[in-house]
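Single-letter residue listing:
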Amino acid sequence: MSANDRELHDRSMTELTAGLDSGEFTAVELTRSLLDRIARFGDQLNAFITVTADEALAAAERADKARATGDGGALNGLPIVHKDIFCTRGVKTTCGSRMLENFISPYDATVVAKLSNAGAVVLGKSNMDEFAMGSSNETSYYGPVKNPWDLSCSPGGSSGGSAAAVAARLAPAATGTDTGGSIRQPAALTGTVGIKPTYGRVSRYGMIAFASSLDQAGVITRTAEDAARMLAVMAGFDERDSTSIDQPVPDYVGGLGKSISGLRVGIVRQHFDAGLDPHCAKSIRESIAVLESQGAKAVEVDLPNLDLSVPTYYVVAPAECSSNLSRFDGVRFGHRADNADDLLDLYCRSRGEGFGDEVKRRIMTGTYVLSAGYYDAYYLKAQQVRHLIADDFKKAFANVDVIAGPTAPTPAFKLGDKIDDPITMYLNDIYTIGANLAGLPGMSVPCGFVDGLPVGLHLVGPHFAEETLLRCAHNYQQQTDWHDACPEDFK
Amino acid sequence: MSLSKDQVQHIAMLARLQLSENEYAQSVEKLSKIVDFVDQLSQADTARVVPMAHPLDAAQRLRPDAVTETVERDHFQENAAAVSDGLYLVPKVIE
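Protein chains in written order, with the numbering used here: chain W, 398 to 888; chain E, 18 to 112.
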């Protein structure tokens, strides 16, 4: 099907740019058509916390004017959605929490500013697990997001609203954040593309912090090409983020067309152990065969400490979260309890009322592992094991250019199925967490369906190998059409 | 390892979190499970392994000591529950 035969909502950013350039439609028309879809489907999916219709139309008008004078940026007139973890000046920024229910950000995150400067039109702020802590979007104070492929299923999390919005064709692209898999797992569960860049590649200024040695911003789209377009704008050094890395940004879009002939693709023996759904395993093996048909070479590798990645993460991430979330004290911003007896009562009740169950649990886990007498046994030990895990990747990447495997152990699970057992929920991230612990870029690409639910192929590369991941994913998408499948009720 | 209710109360106090009775019961059960789960780490052989300090082995960057930001106090304080004369108000600390 050629781009011109497709409905606007079904087109990629590349196709939309061509339509805008040729005058087939304007940015205002495009924005209106997607705002109409959000009005029609938004409640059903619960993908949005805030819809910024007026601001979006004003931005679209500016984009049309800029296009007319030839001044438009790389994403001029293209509608996007921001995960509600990114601060947006003058717009409510809740982070999925009651704590920030009334927080109007006084400034823009760097990612928000860069995308707006490139001409992107922000349709709204997407729903997410509270403070990005969750793998199902069920910890959101604003209710769970539904998976467009089956409304009784979770879209994954924590960037569940972003993933559902892109899968349901409410926007071609959405920002996300990934601390342990929060971009890649929801991308896999909704049949979208999700990329978490190298630690430090994208600025985190204005991105509400969860675990500072793991957090990274990224993007969810339907094609690798669109992910490359978004990342090209988002990546780069920012002096306002002390973890930002000062390295040139390669031409992600320009590199897409290069061949993958001779690319060494690592297959991790431990990935195909008992935990992986056999139908998902079949899809993954078939997708690796597609890469091989394009000249890639499959090489077996080992990640011997894979099983320790989840327990390591659940020491390091809560420890950092307990520290980061101490800023919410009911004084300067955020929820404040009424009629406090004294300052201690104000702190304890503001936080007790403002945070949900999972956030409290992680703060307490973190407080425990950092407390006197337990620091060495848990936090220090976890940082040592983290080194072992990072070394495993380093050894693997001595022999391969990219590692390919499953993003998640199963397709989307039912809402309510895992929420009562934190450990079962945590184990959903077993294949994605390693990349965060080692600071590596990771990406999920749609690679099949099991019982009508999408499966994701996970690609991980060495530090700053985003270009390789995007090229590999783009090449795969040229051979397959999984990403073109649209959930029946959202056509 | 099972955590006791006293331990959970101590942790909640350190974290400045007020919990309901029901939340305490839940927390004792679920935090104990999480602590059991992360206890797997004790089996890993980490003799002579240096704890990781940074995923890219990067050092903290320094910037020139120059004024770069402007004062926007009034704007920032719009999000505060109680302010007066540019100050944040809290319950009385000294009797």
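No lab work stands behind these hints: they were computed from the structure. Check each hint, because a few of them may be wrong.
A short, non-exhaustive set of chain W residues, derived as facing chain E with CB atoms under 10 Å [as the list claims (entries may be wrong)]: (1) Asn443; (2) Gly597; (3) Arg682; (4) Ala686; (5) Val687; (6) Ser690; (7) Gln691; (8) Thr709; (9) Val713; (10) Asp726; (11) His732; (12) Glu750; (13) Asp754; (14) Leu777; (15) Asp818; (16) Phe846.
Think of the CB as a built atom: it goes at the ideal place given N, C-alpha and C, for glycine as much as any other residue.
Evaluation of the provided hints:
A least Cβ separation of about 25 Å between W:Asn443 and chain E goes past the 10 Å threshold, and the interface hint is therefore violated. For W:Gly597, the shortest C-beta to C-beta distance to chain E is roughly 6 Å, which falls under 10 Å, so the interface hint holds. Among the interface hints, the one on W:Arg682 is violated; its C-beta lies about 29 Å from the nearest C-beta in chain E, farther than the 10 Å criterion. Because the beta carbon of W:Ala686 sits about 32 Å from the nearest beta carbon in chain E, more than 10 Å, this interface hint is broken.
Look at W:Val687: its Cβ only gets to about 31 Å from chain E, farther than 10 Å, so that hint breaks. For W:Ser690, the interface hint is violated, since its Cβ never comes within 10 Å of a Cβ in chain E; the closest pair sits about 34 Å apart. Checking W:Gln691 against chain E by beta carbon gives a least distance of about 31 Å; that is not within 10 Å, so the hint is violated. Annotation: interface hint on W:Thr709 holds; nearest CB of chain E at approximately 7 Å, less than 10 Å.
For W:Val713, the interface hint holds, since its Cβ comes within 10 Å of a Cβ in chain E; the closest pair sits about 9 Å apart. This hint holds: W:Asp726 has a C-beta 8 Å from the nearest C-beta of chain E, less than the 10 Å allowed. With a least beta-carbon distance of about 9 Å to chain E, the hint placing W:His732 at the interface is held under the 10 Å criterion. Against a cut-off of 10 Å between C-beta atoms, the interface hint on W:Glu750 holds, since the closest Cβ of chain E lies about 8 Å away.
For the restraint placing W:Asp754 at the interface with chain E, the shortest Cβ-Cβ distance is roughly 7 Å, inside the 10 Å limit, so the hint holds. For W:Leu777, the shortest C-beta to C-beta distance to chain E is roughly 6 Å, which falls under 10 Å, so the interface hint holds. Look at W:Asp818: its Cβ gets to within about 8 Å of chain E, closer than 10 Å, so that hint holds up. Residue-level restraint check for W:Phe846 is violated (minimum Cβ-Cβ distance to chain E is 32 Å; threshold 10 Å).
In summary, the structure is inconsistent with hints 1, 3, 4, 5, 6, 7, 16 from the numbered list given earlier, while agreeing with the others.
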